[in-house]
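For reference, each letter of the sequence shown is one residue, going 1 to 184 in our numbering.
Take the hints with a grain of salt, since some may be wrong.
As the list claims (entries may be wrong) - List time: in silico DMTMM-like cross-link candidates among lysine to aspartate or glutamate, alpha-carbon distance up to 20 Å:
id	residue 1	residue 2
1	Lys27	Asp51
2	Lys28	Asp13
3	Lys66	Asp99
4	Lys70	Glu113
5	Lys35	Glu62
6	Lys167	Glu184
7	Lys150	Glu184
8	Lys50	Asp89
Just so you know, the hints here were simulated from the structure itself, not pulled from any lab data.
Fair warning: this is a prediction, and the values are worked out from it, not measured in the lab.
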Amino acid sequence: MQLAAYHYMAFKDYQNTDSEKSEIHRKKALAVIDKMQDVIPERTIRYDAKDLHYQLGRLYGELGNKEELKRIMDILMQRSDLTIRDKVDYGQAYLSQLDSFNVGKTIFEGLYEEFKSIENGQRLVSQNEMQEWRNYFTQIVSSLIFTYKKLDMINEAELVISDWLNKNPNDPVAKQLLEDLKLE
C-alpha cells in the first residue's frame, strides 16, 4: 500500500507539470494496487477496516479506475456498522467521483429522513449521537439540495431549503439559494 501511495503522490505532483511522468506514476500505482488485490483478494482476507477499504476505493477513483471505486463503494454501503460520517463520506464519493446522483440521493434522503425522525421525537438517541447528527446535518442538507438540483428535482430542493429556513430564518445563503431555485 505504501508503494501505491508513493506512486499516487508522484502522479499528483507531476499532474500539472509533466503529463508523461504523471501517467507513468498513475499506471504504476494502479499496477501496485491491482497486484495487491490479486495477492490478498477481498474474498480471502476481508477488509474489516472499512476506512482502509474506503481509502483503497478512493485511490482507485483518483487514478481513474471508476469501476473499481464503484464496486468497493457498493460493498461498503452494505456494511451494518456505518456511522453518520461514513454515510456522508460515501455519499460524497458517489456524487463527486462517480457522478452517481441517484445513489447519492438515496443516501442523503435516508440521512435526512432519519434526522427528521429524531428531531420529531419518533426515534430517541443519546446526546452523543444527537451531537454527531448536528455536526453533519448542514452537509447532509447541502448535499441533498445539490443532488436534487443535479437531478432536476427543483420542488424537492425548495422543500428542503424551506424547511432549513424555518429553523434558520437569518441564513442569507439559503435565502439566496431558494430565490435562485424559484427562477429555474
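Exercise. Measure nothing beyond the straight line between the CA atoms of lysine 35 and glutamate 62; if it is 20 Å or shorter, mark the hint as holding.
Key: 17 Å, holds
Quiz prompt | Hint consistency between lysine 27 and aspartate 51 [alpha-carbon to alpha-carbon, up to 20 Å] | solution = Since the Cα atoms of lysine 27 and aspartate 51 sit roughly 24 Å apart, the hinted pair is violated (cutoff 20 Å).
Self-check item: 20 Å Cα cutoff - pair lysine 70, glutamate 113
Solution: 25 Å, violated
Quiz item: Given the proposed pairing of lysine 66 with aspartate 99, does the C-alpha separation stay at or below 20 Å?
Solution: 10 Å, holds
Quiz prompt | Hint consistency between lysine 150 and glutamate 184 [alpha-carbon to alpha-carbon, up to 20 Å] | solution = The hint holds at about 12 Å.
Practice problem: For the pair we were handed, lysine 50 and aspartate 89, check the Cα-Cα distance against 20 Å. | Solution: 12 Å, holds
Self-check item: Restraint status (C-alpha distance of lysine 167 to glutamate 184 at most 20 Å)
Solution: Distance of about 24 Å is beyond 20 Å: violated.
Quiz item: Has the given pair, lysine 28 with aspartate 13, been kept, meaning a C-alpha gap of at most 20 Å?
Solution: Since the Cα atoms of lysine 28 and aspartate 13 sit roughly 14 Å apart, the hinted pair holds (cutoff 20 Å).
Checked against the numbered hints given earlier, the structure breaks hints 1, 4, 6 and satisfies all the rest.
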